[in-house]
Amino acid sequence: MKRISLFFLILILIMLLIFYLRLFLQQKDFMNKAKHSNDSIKAITYYERVILSYIPFSPYSREAVNGILEKCKKTGDDEQKLYCYETLRSALYQVRSFYQPYREEIKKLEPLIAELKTYEMIQWKYNNLSEKDYQRLYNYNIEIMQYDSSPSVFWSMVSVLSLFAWICSVCFIILKGLKTPINKRYLLWGLTGFILFFSLWIIGLYNA
Amino acid sequence: MSSKNFPLSISLFLIMSLYIFSLPPVLSTGDGGELIAASYGLGSPHPSGYPLYVQIGKIFSFLPAGNIGIRVELISVFFSMLTLLLVYSVVFKLSGQNREASFAAIASVIFLALSYSFFGQSIVAKFYTLNSFFVMFLVFCGIILVLKGYDRRIQFIASFILGLTLSAHHTGFMMIVPLGVVGFFYCRNFLRNLPLSFLFFSLGFSVNFYFFIRDMKGTLFSMIPVTDLDSFLKVFLRKNYGAGSSIDVTASGFFNLYGYFYAFKNYLYLIEKNFTFFSIPFFILGVVWLFKKSKKLLVFVLTSFFIYSIFLAKLTFSMQNPDSHELYVIGHQYFIPSFAIYCGIVGLGVYFIYSIFEKYGFYSLQRIVPIIVIFFPLLMIFDRLTDQYQGKNYVPYSHTKGIFTSLPVASIYMTYGDNHAFQGWYLKLVGRYREDICHIVLDDYKTMVWALHGCKPYSLYKRIFPEFFGGNLIELTEKYRYYSIIALSEEHPLYTVVDSYPYFYIFIYIGKQSDKRDFDEFFMERMKKVEPFLNYEDCLTHRTDDVYTLQLCNFSTIGYISIAKAYEKASDKDTAEVAFDQKLSYGDFTAPFKMKLKVNSENEKYLNIYNAVKKYNKMNKFYLLGKEDEKN
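From first to last, the protein sequence lines stand for chains A and B.
Sequential numbering from 1 applies to the first sequence in the numbering used here.
Sequential numbering from 1 applies to the second sequence in the numbering used here.
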């Protein structure tokens, strides 16, 4: 059992190390390209790819966020500005884990995006909307953006880890408890673990 | 680490590195986007729902590195590595358990790892390597049972895993047949422990409770919500696929027996493409080795192999001439477990030869050949780096993002088919990009029944789409806010009411009553506005032969022509025209795509891009198509 656990641990560790290496090389490559690109849309794409290759504490990620923000400020065209802000917001959402990196940036971006979208809707000449509709449309846009339908991080973690734990409990019951003759102590431990984690799994799934 | 395990560790490290560096950087095509969105939102993807995969996906989505898409793709690498380790263990245990056995096992591991389809499935967000792991684990259980004699714990573990397979991929459950054969060998003990086995099987199966609990309160993403037993059976048994439902497909194995001929032929073709015919003599030697080792073992291993090769091919792959779609969605995916067993047997065949060296005293050959043999399958790395490497494949992401970006604020975007729909869900639900767009998915080309996963919650979207939710689609088309990937043909119900015109990578629907001159002006203005978002580089650098990637890139060529059209000049009157007269296919339906273009110095570059993308993304690049199709 110990050997198997150690094996899994080493496998995951090595996998993560290689994964981090790939992401780091990717970040470095795209950061270079972003810095040397004269086309602002392309530069934004490269910065976005740096963020999508997110590594915690990597200086490249922060640099890319700032790089995109700088490009957004310089862009005069509203549609390109919207693309720029939306790209940054979306990239940051795509790298969220059990925590949201750069949460403050997202908070700042959302009103800007809602504002741009509202203007775009009003200026879209086929819509028959006017400045009077501004506040109403702005509210609709910001509400959609602030509505988060993703499951709760805490309960998701509880449920998925409990699933893993009750599967292990069943294996423990079989391998350790149901030896010949039956080992009652292990069986009891296994059963307790199973009932506990199975219940937690159900509760977690419901609350997530 | 002992020196005995050093070659194995190095090989696995090399394979793992190769896989991780080949993962698509954001999401893979096909089911990838859907499975990532469902994993992230703890939702339910298409039937049979794959609750175990989705929950494992959720664990992986928490990794603090990369983006959610690539994290979920890592599941395939993880289970691939475990499958490879099981293949190693099977070969090692069934051979001499010595140095030569280890080298033979490593050779078979590399052979499998670098084969076309196994490699391909190891780097995309899909459940096939998880399924292979379960199958190989059950094969391993059966082997241990035969080698070490009956142990009820193995029967219980196998029953539990069989239950679990029904929450991963249903084909895993087919291991019940070979395991039943082993049960027959130990009939009395097997039957005595059957009730408890059933209990453990039920525990494994209980992972499917997931559907009821998650759909009780409504999730971010649920393809078909499960609310009662009927809806559960619909999802679990894939009843919505009609003749493709689990029960009907399984039943087809026992009818039209001549289909076994085509099943055999098609499967043999896959073996040739993945492992070449040179592997077959080693496979036969492996069978001989198993026969010598134990008859029971031979029966068990061959039954397992038959079930996942010829029998599965009869169920799913027994068409006379499989086309590229069938080769891609069936041939490239379903047979991974059989390939694992095949390589295991090939490994035994290789060991058989080493044992002959020993028997006849060729000791120097016995020492050198096993090392050299490892390098032969390693040569396949070069093939995989030219056909399966997806480390730079941004196409599914950038293509979908390009479409979203080109749309005016508060537009409807209608998709049909897995490729566009699933990627749209990823971008909308996970990436939260352009949340002002309402993404709807057509179920059937001929109907107007759509799924609204891409504009939830309805209460919020109703406010910016009162026309759509009020059922007035024509008003939306008049406002130039209705876009779709579908070019309309006579078969489509909207054909009589609206016209479809190319718009960037997709189409815009305009009411038949609308003024065409207004539209021309709109078109010119919009194409020039969205031109900076044109991304063709990704379609020229993706390096993969992935069929859906090639399809996306070919589909995107509409965009280059549209933009070229917008840059036509009045002075081009006398210039020669280039005519595009193509047919776009949507499953069984086709729609015409016609456009005439006057080429000038300003728009010529878009035509060059069109040609370059078409050339780079020829569909016959797909490796499984074979040489005959390449010529056509």
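Careful, some of the hints might be misleading.
Unchecked claim - If we take Cβ atoms under 10 Å as the criterion, some of the chain B residues that face chain A in the derived model are:
| # | residue |
| --- | --- |
| 1 | TYR40 |
| 2 | ILE56 |
| 3 | LYS58 |
| 4 | ILE59 |
| 5 | ARG71 |
| 6 | LEU82 |
| 7 | GLY149 |
| 8 | ARG152 |
| 9 | THR219 |
| 10 | PRO225 |
| 11 | PRO408 |
| 12 | GLY431 |
| 13 | TYR433 |
| 14 | PRO457 |
| 15 | CYS553 |
| 16 | PHE555 |
What the hints assert, rightly or not - With a straight-line cut-off of 30 Å between C-alpha atoms, the simulated DSBU-like cross-links for lysine-lysine are:
| # | chain 1 | residue 1 | chain 2 | residue 2 |
| --- | --- | --- | --- | --- |
| 17 | B | LYS598 | B | LYS583 |
| 18 | B | LYS148 | A | LYS2 |
| 19 | B | LYS293 | A | LYS179 |
| 20 | B | LYS594 | B | LYS615 |
| 21 | B | LYS569 | A | LYS125 |
| 22 | A | LYS184 | B | LYS529 |
| 23 | B | LYS392 | B | LYS446 |
| 24 | B | LYS569 | A | LYS81 |
| 25 | B | LYS605 | A | LYS42 |
| 26 | A | LYS42 | B | LYS512 |
| 27 | B | LYS621 | A | LYS42 |
| 28 | A | LYS125 | A | LYS73 |
| 29 | B | LYS456 | A | LYS81 |
| 30 | B | LYS234 | B | LYS265 |
| 31 | B | LYS392 | A | LYS35 |
| 32 | B | LYS234 | B | LYS512 |
| 33 | B | LYS615 | A | LYS33 |
| 34 | B | LYS529 | B | LYS605 |
| 35 | B | LYS479 | A | LYS132 |
The set of hints was computed from the structure by calculation and includes no laboratory data.
Where is the CB? At the ideal position from N, CA and C, for every residue including glycine.
We went through each hint and held it up to the structure:
| no. | hint | verdict |
| --- | --- | --- |
| 1 | TYR40 | 7 Å, holds |
| 2 | ILE56 | 8 Å, holds |
| 3 | LYS58 | 5 Å, holds |
| 4 | ILE59 | 5 Å, holds |
| 5 | ARG71 | 8 Å, holds |
| 6 | LEU82 | 8 Å, holds |
| 7 | GLY149 | 12 Å, violated |
| 8 | ARG152 | 7 Å, holds |
| 9 | THR219 | 7 Å, holds |
| 10 | PRO225 | 15 Å, violated |
| 11 | PRO408 | 6 Å, holds |
| 12 | GLY431 | 4 Å, holds |
| 13 | TYR433 | 4 Å, holds |
| 14 | PRO457 | 7 Å, holds |
| 15 | CYS553 | 17 Å, violated |
| 16 | PHE555 | 20 Å, violated |
| 17 | B:LYS598 - B:LYS583 | 21 Å, holds |
| 18 | B:LYS148 - A:LYS2 | 22 Å, holds |
| 19 | B:LYS293 - A:LYS179 | 28 Å, holds |
| 20 | B:LYS594 - B:LYS615 | 20 Å, holds |
| 21 | B:LYS569 - A:LYS125 | 25 Å, holds |
| 22 | A:LYS184 - B:LYS529 | 74 Å, violated |
| 23 | B:LYS392 - B:LYS446 | 36 Å, violated |
| 24 | B:LYS569 - A:LYS81 | 29 Å, holds |
| 25 | B:LYS605 - A:LYS42 | 18 Å, holds |
| 26 | A:LYS42 - B:LYS512 | 38 Å, violated |
| 27 | B:LYS621 - A:LYS42 | 28 Å, holds |
| 28 | A:LYS125 - A:LYS73 | 26 Å, holds |
| 29 | B:LYS456 - A:LYS81 | 25 Å, holds |
| 30 | B:LYS234 - B:LYS265 | 33 Å, violated |
| 31 | B:LYS392 - A:LYS35 | 19 Å, holds |
| 32 | B:LYS234 - B:LYS512 | 40 Å, violated |
| 33 | B:LYS615 - A:LYS33 | 26 Å, holds |
| 34 | B:LYS529 - B:LYS605 | 17 Å, holds |
| 35 | B:LYS479 - A:LYS132 | 19 Å, holds |
Against the hints set out earlier in the document, violations occur for numbers 7, 10, 15, 16, 22, 23, 26, 30, 32.
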